[in-house]
Structure formats: structure tokens, C-alpha cells
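Q: Spelled out, the chains give:
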Amino acid sequence: MTVNKNFLEIKNVNFKIEGNNKVNNVSFSIEKEGDIICLLGPSGIGKTTILRSIAGLEKIGSGTIKLKGKTISSNKINIEPEDRNISLSFQENSLFPHYTVEKNIHLATERKNLNKKKKLNLKKIIKLLNIGKILDKYPHQISAGEGQRASLARSLASHPDLLLLDEPLSNVDQSFKEEIQVQLKKILKNLKITTIIVTHDSYEAFYLGNKCGIILNKQLKQFDDPYNVYHFPNSVEVVNFLNRGILIPAKVTGENSLKNNDLGTIKGNFIKHYPKGSDVKLLLQPEDLEHDDQSNLKLEVVDRKFRGTNFIYTLKTNSNLLIPVFVHSHHIHQHEIDEKFGIKRPINIDHIVCF
Amino acid sequence: MFRNINIWFISSFIISFIVAIPIITVFSSFFENTTNYFEILKNTFLVEYIFNSFVLLFGVLFLTFIIGTGCAYLVSFYNFPGVNFFKWALILSFAVPPYIYAYSLTAFFENYGTAFTILKNLFGDGEYNKSIPKFDGTIGAIISLSFSLFSYVYILARASFFYQSQNLIDLGKNLGFSKLRSIFSIIIPSARPAIVAGLSLVAMETLSDFGAVSFFGINTLTTGIYNAWAGFDDLAFANQLSFYLLIFILVLFTLENYSRKKAKYHSPTKGGFKQKEKIKLSKYHSFFAFFICFFVFFISFIFPLSQMLYWTIIFPKNFFDLNIYNLLINTIYLVTLSSVILIIFSFISNYGNRVSRSKFLNALTTFSISGYAIPGVILAVAFITFISWFNNTVVEYFEFKSIKKIFIGSILGLVLVYFIRFYSLACNGIKSGYEKINRSIDESAYLIGYSKLKTFLYIHVPYLRNSVLLIGMLISIEIIRELPITLILRPFNFETFATTAYIYASQDLLEAAAVPSLFLILIASFFILLTSKYILRDDSE
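Residue numbers (our numbering), protein chains in the order written: chain A, 1 to 355; chain B, 1 to 541.
Bound conformation, chain B alone (with noise of 0.2 Å):
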């Protein structure tokens, strides 16, 4: 057990204490005493909060099944004009993150917004401000988050119906089934993990969501922490409803693992696998599914950049006010200091665990992924509690200088919890990586005398370039899309495009929350269309 002690074991205890804080914070936070507010909020706003949650969480997962699997299930077994370029362009609305398109949603519906705009230009003046459907409130959060999340379930459900075998469709033919018995009794129930699978991960997004759900004012446990927090200045209230709602992703992350779990079994095989022929529509089949595909790329993706677009362009007073240019710089800082410190830990704990082989150090590791289900307003709340105790128990006792400087309000505490946010992104990444790579060629390379650090190096790092890139692209999208953490965590005076779209658009000020949302939409897409081969998973085709 000892022998074991080395530089992989450390390393990988670290990362793992780091990740285990906020957890064992939310926890212990649970039974200290809090302020009076508590007391009053909570009987009457919890009740609130969780029944707003509910209705939000079964509305979004109703219309994210429906998007998302009736369009996964247009592009998989249908031939119709367009349908390669949807098959990807319907990935794109995950450069539009929930709160973008909540503004886009407002702007377009609002009085004498955009919708009205359109109107007046085409029918002259009117009073068509009653008769313009308002999206707000809970209705214009779950469209928001439905048109922003959709993806999920798209991308698994996809390809669970892409590596789906002729041999399985023929089958139900054979059985004479009809083509809407063979949908519901063979195609969907085949790719129920996948599906489930996207589900829970848009289950733990819209949970967590901040931005959108702050935006139109509804009260969610999610925003409760956020309002303890920067309202009342109550860390113990904030975590005590952290402690809620991470019960509630407990159980949507254990659904998720054992539905993922579940999910390998439907992996080609290499002998019976069959590659599927797209069934060819009608012409009046052909436009209504490209009608459908095409209203929901539209929805998803062309409705919000134009609308931010066209704000830009109209209001142009606001693209030369905002400091474009810092803000770019403070985007990449981000981004690529937390790329490279997320890529390095990951490297060093899959690199530990496969070549030390201890079960313990595994253990670790698989602890230490479990960041990404913690709500960001969770991780950087808990963090700050976290930094405040320690600073008034431990570091007070030795009288050093205060550490609250250097954690919270800085970079550092910043990146320290986006590595907890995205550490499962990188360590996955790396792995499936490493799983490519024969133990034997370690070995050969050891025999023909490579010290293990040259290995590494010479072997390892010029073989998993392209992981490494590919995991450098996704964390970047992540990290230009988050919100909650950053507005948390970040040094005084320094935004990011999310956070200045945010700051405008809190002060009702949409039209200046345009141009940053607009360069974050199109950053993100930059990123996607990068990667949109690996994300679609169609190595094979």
C-alpha cells in the first residue's frame, strides 16, 4: 500500500480533494444554524422554489424529447433534401446558451419589440402589441431552455439510431409490424438509453440553469442560492438549499450512469452490424420533414443570432461602447488557462492510473469526475463558504495573512472551480484516448529503453494530440457558455461576453446585451463546427 505512494497518487489525491470541497461543504453547511431569514423563507419560498423547479424540469424534458428525438429520428432513417446539412446544423443551437435565448426570446415578443417592428413595417401602424403571444415567465424559460438543450437528447438519440442495424429494422418488417408499430416497439425502445442519457443531462442543466431562469424572474432552487448569496449574504442558507438540489442531481446522475451503463450493449458489433439505407420520402413526405428540421434549426439557432444581429445593426452605438477587444483577451485568457491546466492534471492522473494499476488511484479518479454534476452556482457558493471558513478557523488561528484575497474575486479561485466543473470533460476525454493505446506499446517502449517520462512524452503526448486538441475545443465551448461561476468568481472588473450580456440584460438593457451575446453565439459555432465530426460520433461514416 505504501510502496504506492508517488507522484500519480498525490496528484490524483488533490484533484480529488479539491473536487470533494464543495461536496462535503453543501453537507456539512446543512446543519449549522443560519440566519433568521431562513427561518421565514423556509416555509413559504422552499415550497416555491422546488414546485417552480418541478414544473420547469417535466415541461423542458417534454419538449426536449420531442425535438430531439423526432429530429434525430427525421436525419437518421429519412433521405429528404438537406438532411446532411441538418443533421449537423442542428447542433449549432448549442453555441446559444439558455439566457441568450431568452433575451432573444423577450426582444422578438416584447412590446414594441421586434415582432411589432416586423408588423408596423409590413402593415403599417396598429395596435399589435395585444395580440403578440408574450413569452415570459415560466412558459418563455422552458421554451428557452427546451430550444437551448434540445441537442443533448439529439446527439445520443442520434446516434444510437445511426449504429442501429438494418438487421433490426428488417426484423420488424419480417414481423409485419406497421411503420408506426415498428417506431414505437423497436427504433425508440432500442435507443431508450441513449435517449434517457441525453434526458438526464438536460435534466442536471436545467436544474442548475441560472441565467435564463434569473433572467424571467422565476423563483427556482437554483436562483434561491444565487439570491441567498448576493441578496442576503447568507452562505449557510444558500447551502442549505444546495443541499436540495443536489439531492435531486444525485438521483438524476445515478439514472444518467446506470442508463449510460446500460447504453454500451447497443455498441456495434463487429459481425452483425448492418449499414442502414435511408428510406427515401415522397415530395409531400420530403417537405414536411425538411419543414420540420428547418423550423427547428431555424427556432434554435437563426432565430436568436438574427435577432442579436439585428440589434447589433440598429443599435450600433453599443458595438463601439463595449471593449470588444477586452473582452476577446479575457475569453481566451480563460480559456486557455484552464484548458491547459485541466488537459495537464487529466494527462497526470490517466497516466498515474495506468501505470501504477491501483484500484485505489482508479477509485480517486472516478470521484474526482463527479464534479460536473454540481450546479456551478453550487461549486462557486460552497467555494467561497469554503474559503471563508478556513480563513476564519485555520489561518486565523496561525495568524498568516487572509487567503480570501487570492480565492475568491481572482483568477485563480476562478479556474480552480471551472476545474471542478469540467474536470470529467478533460479526464474522460483523455482516457477514451488512452483506451486506444495498447499496454504493450508502454511496454515496448520501456524495453528498447524509454524511461517512463519519455514515454510519456515521445509515445504518449504525440499520439494523443488530436484527443487533446479536440478536448481543449469542448472545454472552450463550456467555458465561453458558462455564466453562474464566473459572475460568482471573477475579479473585480473583469467580463467575460457572458457576463456582460448578463449585466446588461439584468438592467433591462437588451439591446446593449446584443453585441456580447452575438460574439459568444459566433465563437461557440467557430468551436462547434470544428468539432461537430466528433460530437455527432461519426467516425464511421
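Chain A on its own, in the form it takes in the complex (with noise of 0.2 Å):
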């Protein structure tokens, strides 16, 4: 028997709301204290449910959840949220609406074996998500996006074991997102505290997270680093989700290469392994083209989009595959709909993923 050294454990867990199965079989742990975890998938997939059965407010199905080596939810063990010491903060606004923002903080500091190092953090918690305008406010007399940091700052000051953030900034200003972003993954770095955000938002996930899963058709299908989830994406479910790329279909030519039939040969390392002579879905995303005016492989341009920093042409082939290319803004000639735009070759991308 090896000793379990993981801080947050959960094991072939169904997560159920009102007797509906939302995600079966989960199985994923946190290793170190202050580890950050993101939760991406699309709405309704049960990711808020995820997060209120760790925090207790739901029973599981089936399976263990460990915090710090301790069973706090299986079949027969459901340890009480208030004794958990997790905690959750809401996507709507869920501050105590009859007390000032101030005292919505301070109620969370009032829990028991605080003890007080920790709470001077509050001053610095404050400051860094920039609430101090809004203390001797009521809930209902500010935005919907300061009510969200001033929760955010309720459940940091109660200072948990485990922290849990249901889309913590999808009410914050495009603007200040970014901003926040930094701040709060300051903060937690600074406190320590381990969290698992749930979110919509990919470059939010891949930006706070240590490590990102990826829920989707009732499944965890991608528990890994963001750099590992974004460039390695285990199943085609992921790659359509993440919306980065196309699957484009190519015939495998030897240890290195593939061909498709509109781009030619196409060379890298392969993640994966497959037999000469394999068909697969090669996994072509908008950075692996390069443009190049001169080269002999042209496709006609039905759309271009710009992103500020880059554009995003669209290009047709012959076979009528639709092939995303990012292009730097600062290029000079822009290709016009229904212009032609070359594609340098020999195409090479540095890791070849194919489904």
C-alpha cells in the first residue's frame, strides 16, 4: 500500500443533479497545495454540478472524493458542506443581500481555526480585486460584475483548503478581464489556495490553469496540461470543441510524412505512431501554413477576418476543405475574396496529432 499524497483525490465519480447522471466516471486529482485546475466545456454539461458535489451541496453517485487523504463524499460518507472547509463562489450573485459587501466579507472571516496571519489577508484581497469604492455598498446597489469580485473576495477570506470558482468573470468587463486574470492568479499563487475554476472561456482556462480538463458528452475526456490539451487534443470531441483546427484527411507516407491529396506531402514528428499506408484525420490548426506568394500551391480565399493582432483567412482547396491560416497583421498586401493565396511548401508542422 503506497500512501496517497495527492491534496484533492476524486475517483470514478458520477456526479448527479436531482437524480439525473450529469458526468460518469470522473477521475482526476489535484497533487500539490495551491494548484490551480480549470474545468472547460460547453453549458448545461455539468460542470456547476462537478463543483456543488465537492462542495458537498449535491451527493454523489458513486465513487470517493478525497481532500487532503480524508473521504468527504462516497456512497455511504457525505460530510456536511459547512464542514468542509471549501469553498464555492457562485456565477449569480449569491452575497447575503441584507448585509453591506464589507460584512459579507467579514462573515467569512468569522469561521472557526482562522487563525490570524490569515486574516490580514483580507486588506490585500481587497485591494487586489479593487473593491474598496464598494465595501459600504448593499448587493443590490452594485454591478453584476463587482458583485462577482466582491464574492470572489468573500470566499478567498474565508480562507478554505479548497476553493471553487463557477465562471468567476463571466460578468466582468471584456476590459478588465485580462486585468483580473493576472490578479487573481497572483492571489491565489500568493495565498496558496488550491482552486478549480469552472469556464467556457479556453485562453481563461489555459491561462490560470495548472492543469485543464476537458468535459464533454458526459465525460472528463482530457484531464492535462493546457499546452498539452491545446496542441495534443487526445480525441476528435476535443478538437471540435476547442474549435482550432480542422481534421483533414491524408495517407500516411512514412516515419515523418503524410500526404493529402490538395496539400501534398505534408512532414513532422508523429505523436503517435501509425503504419505506412493508414488513412487518418490529420489535425491541420491555423498556425501550422505558412503564406508565401511564390510557392506553386495556391487556394482561393473566401474569407478573411480580422483579429487585430492577425488575420484569419479561410481558404478553399480542391476538394472543397475549408482550411483555416493565421497571417500576421503587419503584412503587408492583403488578399481579397476570391483572390488566390499561396501556401508555402514543404508544409511542416512540429507534432503531427491524426485521429
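FYI, nobody ran anything at the bench for these hints, they're computed from the structure. Hints should not be assumed to be uniformly reliable.
[What the hints assert, rightly or not] The following residues of chain A were derived to be distant from chain B, with all beta-carbon distances above 12 Å: (1) SER43; (2) THR109; (3) ASN121; (4) GLN222; (5) PHE326.
[Unchecked claim] Calculated lysine to aspartate or glutamate pairs in the EDC-like style (CA-CA distance at most 16 Å, straight line): (6) LYS66(A) to GLU80(A); (7) LYS452(B) to GLU82(A); (8) LYS59(A) to GLU443(B); (9) LYS454(B) to ASP161(A); (10) LYS189(A) to ASP161(A).
All figures in this text were calculated on a predicted structure; none of them were measured in a lab. All residues carry an ideal CB built from backbone N, CA and C; glycine is no exception.
Since each chain comes alone in its own frame, lean on the hints to assemble the complex.
A: Pasting the structure below:
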């Protein structure tokens, strides 16, 4: 028997709400205290149910959840939410309506066993979340974004063993969002608070998370580093969900090469071995292709989107595949729709992901 | 299933059980043998009881519809001098229970009554008695009940008119409707569920009215029940009459529930609601509108109030004979005790529903609020029947001491039956307060380490403080006005303003009934003024 050192361990858990199974047979763990995990998935998939179950607000169908080696949820055991020292910040405003923001935050510090040193962090939290000005106000007097930051402050103030954040920044203005993300990461790292964040914004997840979990079709499809999730998606569903590339048919032609009828030979390192001659679907991401006016491989432009730092061209191949290509926006000349667009050959991809 | 058995479950079950007692008793007694009275009465009186109840019902429904909807229409759609005053002044009639209205009506119009005195002072001696109309019997009861109960229709119709969008009225204009056609084809039909709900409440109150009807000596099902108990000491017959009355009530209850559910669709939507612009009336028309509202206000409130005041002043002896202090203490005692118990149990039941989210528990709660539909007379008589039965069978079998004295003619029994009668008022009040608290508020509290009890005490109770105060006041108004339950179940020598007034009036000592009646009106008015904003449902104004 090895001693289990994981901080949080979720093993074969079926998450359900009101008798309906939402996500089945989930297993993942947080190894060290202070790590941040992001759960990504489309709305209604059960991300919130997972958080609610970990917090103890819902009972789990089967499996076990252990926190610091102690079972908190299983078939038989269900520790009450107030005894878990897990904090959940809800997506909707859940501040106590009859208390000011300040009182709301202070209520959280009254938790038993909270030492004074930790209490001192309160001022820092208030400053970092920029809610100093609204401390005297009542929840109905503040905006949705301020409400979210205030309830985040309340969750942090209770200094939980585990912090659960349900779409913490969904109501925060886009302009302010990145700043808050930076601050949030800083606070969580400074205070060494282990956190699970639920979001549908993949960039938020990639930035904040030490690990990312992708939930699709009632399953935890992939649980890995953000880099790996992005570059090495483990299933077609994950590719489709992240919506960051397309799958094109190709034939494996050697140890380091494949061939597509429209694009010709593509070279790179296979992540997984495929025998020569097998038909695969190759993941082609927008940054994989390079623009080259001199190239003899020319495709028709069907759409062009300006995205600030870059353009995304959508190109049509002879067999009617639509391929996205990134081009830096400093690129001097632009190609109009219906014009031809050259692709640099040979095509080289760092790591080849096939299904 | 058995996992859910906890304190919430048990208390909800107990509440439901207490409320079920009168219903079960009435239904089981229906098949019991009665004394010979019933055989004789059955053929002669029963038909009369039912006939009288019907006449009364239709008379009151007709009058309250006209007065309630008419006044609600005027104050909602038109601007005329005093409209803001009449808006809430018209609900003051709530402070005058039908029996007190009946005393005033009689006192004013009787031979050598107040009307006679006025005429004599104005025009000197004369034979006025013959020319003064007499409002007694069924007509008197219909008038008393109508002017006392029309506010149910007024309040609900006004709320519905208030939330009618300007768009709806513009639509009528757009279609080229005349004003009259607009009223009958748009305004009244769209307020129909509210008006029907108001009329159902009026109907239930009319059928269960005891004070006014018995004062005018009309034999209805309700007075029949009381007389069978008080006169013949025949509980079985009383319960059999109750059975017939309950059938009536059941029909009304279903109707009311049905229309109330429909009324939900008329609540304002976020987008399309446009505040109405009130129509300013011309001089002649605004005088007319003012006159109608003033007339109703005067007849329903000023008239009984001044009649009682007048008699209190001209017969000061009665004022000093009456132990006002004692009555006041008794009233405060009953009101406080009942309110506290009602509110505590409503809290437990609502919180239990919230925490356990059990459908069975929810069904129990729904059942336990049905007590408000049962007339007080039936509740009291059925309660006595049940206690006697329980005493004669279970208690005597185990050879315990008689429990009759604990429950009958005691404060405990009285409060218990008040509980059944007013539980829906308290429970629904707390419920509507709770519906405003998002469930995630509770969960946030658990997650910062609050236990369920601490969440209840530190989060819910402070938040619901205003709702609780309001419910306390509404219960107070009801208990101050309440007559039959108090009359039947009160301890010996324990009187309230209502019972004192009734006892004097039934002994033909109307002058003496004036003092407690006056106090009753004043105290009830005070509470109504405090809660008028809520009663009028004007939060958004």
C-alpha cells in the first residue's frame, strides 16, 4: 500500500443532480496544494454539478472524493458542506442581500480555526480585487461584475482548503477581464489556495490552470497541461470543442510524413505511431500553414477575418475543404475574397496529431 | 424515503395532522346517528338553512362586485380630487367586521334610533318611525356583509387594474372602441381572474359569517351549526350541517384556487409594462367620481365608526362599566401568543421545505394551509367533537385524567384552533418572503462554515424581519375581528372586544356593545394603516 499524497483525489465518481446523471466515471486529482485546475466544457454539461458535489451541496452517485487524504464524499460518507472548509463562489450573485459588501466579506472570516495571520490578507484581497469603493454598499447597489468580485473576495476571505470558482469572471467587462485574471492568478498563488475553476473560455483556462479538464458528452475527455490539451488533443470531440483547427484526410507515407490530396506532402513528428499506408485524419491548426506568394500551391480565399494581431483567412481547396490560416496583421499586402493565396511548401508541422 | 425523516418532516406532519382534525371529524360524523332533533329538523329547517345561505350569498356577491369593482375602476383609471386618499381609505372598511356593521345599521334606523333623533333635532317632534326605512333581516345582513367585505374585491381588482398596461388601453382606442365598450370588452375581462378571486373570498366569508347573520336572526347553515351545538348540545347534528357547508366551501375553494392560478398570468412582464396615465376628469365628472368614492367610504367606515362613537359619548356609563384595560390585555395576549406560534411554525415548515426539497413535505404543507377555507364555527365545533371523542375512547381506555379541560374552554384550545384558521396566512407570508432569497445564498452560508441553524438565525431571520412584522400585523387584524371561534372556545370569563360586543348585542344592549365595537374598529384601523401599502400591493408605485 502506498500512501496517497494527492491533495484532492476524485476517483470513479458519477456526478448527478436531482437523480439525473450529469458526468460519469470522473477521475482526476490535484497533486499539490496551491495548484489551479480549470474545467472546460459547453454550458449545461455539468461543470457546476461537479463543483457543487465537491462542495458537498449535492450527493454523488458513486465513487469517492478525498480531500487531504480524508474521504469527504462517497456512497456512505457525505460530510456536510459547512464542515468541509471548501468555498464555492457561485456564478450568480449570492451575497447576503441584507448585509453590506464589507459585512459579507467579514462574515467569512469568522470561520472556526482561522488564524490571525491569514486574516491579515483581507486588505490585500480587497485591494487586488479593486472593491475598496463598494465596501459600504449593499449587494443590490452594485453591478454584476462588482458582485462577482465581492463574492470572490468573500470566498477568499474564508481561506478555504479548496476554492471552487464557477465562471468567476463571466460578468466582468472584457476590458477589465485580463487584468483581473492576472490578479486572480497572483492572489491564488500568493495565498497558496488550491482552486478549481469552471469556465467556458478556453483562454482563461489555459492562462489560469496548471491543469485543464475538458468535459464533453458526460465524460471527462482529457485532463492534462494546458499546452498538451491545446497541442495534443486526445479526441475528435476535444478538437471540435476547442474549435482551433480542422481535420483533413491524409495517408501516412513514411516515418515522418503524410500526404493530402490537396496540400501534398506534410512533414513532422508523429505523436503516435501509425503504420505506413494507413488512412488518418490530420489535425491542421491555423498556425501550421505559412503564407508564401511565390509558392505554386495556391488556394482560393473565401473569407478574411481581422482579429487585431492577425488575420484569419479561410481557404478553399480543390476538394472543397475549408482551411483556416493565420497571417500576422503587419503583413503588408492583403488578399481579397476570391483571390488566390499561396501556401509555403513543403509543409512542416512540429508535431503531427492524427486520429 | 426514511432518510428524510427529521425534525422538519415531523413538525410538518404534526401541523398537517392538527389541520386535518376538523376535516376528518366533520366527514366521519356525517354517518353517525343523531338525536331526534335531526330527524325533525332535517326536513323542515335544512331546506330553509340552505335557501337562506343562498339568498345571502347572491345578494352579497352582487353588491360587493358592484361596489368593489366600481371603486377600483374609478381610483385606478381616473384623476379626481381625493383619489390618492380614497385609494387606501376604502380598505379601512376592513376594520369593521360585519357584525359591528349590523349593530350600527340597526342602531341608526331602529325605532327611536339615531336617525329618529337627528330628524327630531332638525324638524322637531314627529312620527318619523314609520317613514324611516328599516334594514333588518336578510336585507340588513346583505348590506352589512357587503359594506364590510367589498374590500376583498376592491383590493384584488385594483391590483389587477394597476398592473394593466397602458398598451392594453391604447389597443382599445386603436381599435376604435368607445369608452364603455373598452370597459366591458377589455378592462373588466382582463381583470376577471382577480375579481373572481376576490368574490370567492367574499363568498367564503359570507357563508362562514356568524355574527351579523345571527344578530339579524337569519337561519343559515352557519348559525344552524352554532345553534345545534349551543342550543341542542347536539354535536353530531352540528357536524352534519358542517358537512353540507364544507361541500359549498370546497366548490368555492376550488374556484378560487383555479382563478388565482390564472391571475398569475396577469402579473407585469419586464418588457411590455407601461405605467398608465390616469385620465383627468372634467369638473362635473370628477365631482361624480368623488361623490361615489366618498359615499362608499362614508357608508362603509365613517358611518359605523361615528355611530359607535356617538353612542359611546351619549352613554358614558357603559364606557366606565367596561373593563377596557382587561379586554386590551386579553386581546394583546391572544394576538401575541398566536402570532408567535404561527410564525415559528411557519418558519419551521418553510425552512424544512427549503432544506429537504422533499415533494411529500411540500404536499403536506399545501394541505395544511387549507384550514383558512373552513368556517370558524365548523373548526370550533369539530375541534370540540374530536376532543370529546378522543377523551371518551382513548383517554378513558387508558384511565388517564380527562383532557377536556385542557383543550376546551382554555387558551390552549383557542390558540390551537386559531392556528388552524390562520396558518395559511402566516405560512404563505413567510413563503413569499423566502421566495425572494436565492438558494445560493443559503449555500454560500454553508460554504463559509455556517451550520443550518446558524444560517437560519443569522441570514434568514434578519432578512425576513419585515415579512414577519407584516404577517404579525395581518394576523392581529384577523384575530381582533374573529368572533365564532373565540366565542365557542374561550375560557370562562375571558372576553375580547369582539365577544363583549356580541354578548351585549345579543342581549339587545346595543348601546353597551358600542364601546367594545369602537375600540375594535380603532385598533383594527391602526393595524390596517400600518400595512396598507402591502395590502394594496403598491410596491412599484
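Q: What hint numbers does the structure not satisfy?
A: Hints 2 and 9 contradicted; others consistent.
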